[in-house]
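J.: Below, each chain spelled out in residue letters.
2 protein chains.
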Amino acid sequence: MSTTHDQVVGVVRAARDAAKSVARATTDQKNAALRAMADAIASRKGAILKANAQDVAEAKGAGLSNSLVDRLTLNDSRVAEMVRSVRAVIDLPDPVGEVMRTIERPNGLRIQKVRVPLGVLGIIYESRPNVTSECASLGLKSGNAVVLRGGSESFRSNEAIRDAIQEALAKTGLPAAAVGLIPVRDRVGVDVMLKLNDLIDVIIPRGGEALIRKISEESRIPVIKHAKGVCHVFVDRSADPDMAEAIVLNAKCQRPGTCNALETLLVHKEIAPVFLPRIVHALKNAGVEIRGDEQTRAVDSAVKPATEEDWSTEYLDLILSVKVVPEIGAAIEHISRYGSAHSDAIVTRDDGNAERFLAQVDSAAVYVNASTRFTDGFQFGLGAEVGISTERLHARGPMGLEELTTYKYVVHGAGQVRE
Amino acid sequence: MSTTHDQVVGVVRAARDAAKSVARATTDQKNAALRAMADAIASRKGAILKANAQDVAEAKGAGLSNSLVDRLTLNDSRVAEMVRSVRAVIDLPDPVGEVMRTIERPNGLRIQKVRVPLGVLGIIYESRPNVTSECASLGLKSGNAVVLRGGSESFRSNEAIRDAIQEALAKTGLPAAAVGLIPVRDRVGVDVMLKLNDLIDVIIPRGGEALIRKISEESRIPVIKHAKGVCHVFVDRSADPDMAEAIVLNAKCQRPGTCNALETLLVHKEIAPVFLPRIVHALKNAGVEIRGDEQTRAVDSAVKPATEEDWSTEYLDLILSVKVVPEIGAAIEHISRYGSAHSDAIVTRDDGNAERFLAQVDSAAVYVNASTRFTDGFQFGLGAEVGISTERLHARGPMGLEELTTYKYVVHGAGQVRE
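Going down the list, the sequences are from chains A and B.
Heads up: the first sequence at position 82 corresponds to 82 in this note's numbering, and the numbers run straight through without jumps.
Just add 419 to the spot in the second sequence (first one is 1) and you have this note's numbering.
The following block holds chain A by itself, in its conformation from the complex (with noise of 0.2 Å):
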């Protein structure tokens, strides 16, 4: 224990020294220091996928989900994405430097809103090891130092991934620490991390519900959480029934495991005669599992009922909860009421209950006429994400790199003083 506990403060510690020159670093300096990742990666594929291929052995033998046991696996095409990916931080700006905002006084005091890395980033994961990259050239690009923890059933691919991003640093010129991995694989590994209040500057979780709630209570380190997506489309009365079939059908089918997917469907009770029927018929044939309220359940025997559970649930799966709303004011009560704040969209042609809509309802992403599966960092034009924050304090939906840096006020004087 005290063991466990020295070596991730000693990775932490060693992390927020290294912070320091990675927020001095240059433009040119980070690019290349992504470029030799880049390269490392792929030069070193043959001892990441023995890695992998090991975690994918144990977790198997653990007798670990069939799609977990995906989410896990990497191979020759999915490095390569790694790669691809990690390339592509290279051509985003730095957002480090920038001034958002210059205020000359009265006084002669020039004040400027300067751009400036957070500092220490501290990012847990699950599974996928491919985040470990990702998390790392975004962390490094806009200047932090990070930290990072993926699932124990990837501890060693995330392990070799980090030993090649360790080296192009080195070989770059920054101190290798800036990228750093929880060197311990059980829960008590994130125990210790969660109080370094006085190493991390942000906990970013992104993972299942109870991860999150863990982390949440139990961190003393500010958290901006990557929760749930309880995403609702609302067909309003005056909609195009061909637009909104396609919308539902893309929010809920293109890749219901994504926190933009669609959850919840309220329909217009005057539209309902016409567009439920032929909707719940075009779900069934792409495989969806419909939950139902009365209504719904009266267009096709094959509807199962709703519980008050699912009006509330994440399924991120082909499972879609369905009902039918009396008007505009119900569904955004609904959604108010049983949604997660994260992607919401009304289908309508009138103009008024668009705005109503999009004023109304207080989630990080609202859209009219359009698939809730947008709400992505690359979909938006802002680049690579951490992830989508579902927080109302500084970050709030994709996460990219400006959101991974505070400011300072940088002010020039010539000795004024304070009347």
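One should not assume that every hint holds.
No farther apart than 35 Å at their CA atoms in a straight line, the calculated lysine-lysine pairs in the DSBU-like style are these [stated by the list, open to error]: (1) K614(B) with K195(A); (2) K60(A) with K214(A); (3) K532(B) with K214(A); (4) K269(A) with K284(A); (5) K644(B) with K225(A).
None of these hints come from the bench; they were simulated from the model.
Could you slot chain B onto chain A? The hints should help.
T.: Then chain B, alone, in the frame of chain A:
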């Protein structure tokens, strides 16, 4: 206990419900409410002063310090100042609804990043009753509901001010509950408040170290701390001695009880033989107690020895610690080790050293050739503030109307789905 709990939850839940109306209020509505608030405070001056006199009598009876009693005491001119402060918020620009960024995507999606209120602000402070009306007016203008918790010694004064504010809100059609006051005097009120993470979006504590520490440790709600300012002035080798003296005296003496006042003076060893005797003399004349290292003590027998603890102490009084450093790097190192990352200044005629100091001192505000006392929303030209944040996340430095908001992404489509 159960009654206290229910009373606190009642006020907070009412604020949560009121938050929607305040978030949707137009700028005109909010300004009308602010005007009515100012009028109501002015017209209820008698009741406010009477309640305050009771608080003051009790505080004196309980043997509170003179400075605390002074902070607590209201009179005609202080009430007039409260009224002026509320009116000043009317002229500030409304941050809500500002389109911070518009992104037009190749697929035709129009994505707008729009400023929205944070929701319900929990503000915890001590002593000065004018904070009640200041925070209420800033919270309202930024579209938030607020739940206020002042010092127990100013409980009756705060109630009287709250009554005036609620009367004004009701008169102008906004829910009175949008400005709530925790209705119990003892500490249990805070304990209950800090657990209501479903009802309060952020806790903003202003006060002494013990209060801030307690809140940071116990809050289940994100906290934006307004903690201590251990501020430095470094007088570089090339400093203009006249300018350096004026800045040091101003930063220390102009209002020593504030968080942006100077607490530690660092002097380059090459200018020390000339500058130290001069500044020690000037500080003594200004009534400042000096606690110095060996070199400073050699200048004047009145200089007391500084202990290790002095270097990280916020005196908030006419006391100053003084140290001679061998070069600028040592000054930066000292500030990084002992400072609180609030406001730090260099006095120099060397542009290279100025830029090095500004870049490497990682504080909310860094100055070259100006007094640290300028770290203030009004002095920065940002308008009124709820305080000076010592956080790195969300808001750093002066926290005004913009910092009391978050944003959401508003997306207009024409049927777009993700490929």
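J.: Against this structure, judge whether each hint is valid.
T.: Against the structure, the hints:
1. K614(B) with K195(A): Distance of about 20 Å is within 35 Å: holds.
2. K60(A) with K214(A): holds (26 Å)
3. K532(B) with K214(A): With Cα atoms ~31 Å apart, K532(B) and K214(A) stay inside 35 Å; holds.
4. K269(A) with K284(A): holds (21 Å)
5. K644(B) with K225(A): holds (19 Å)
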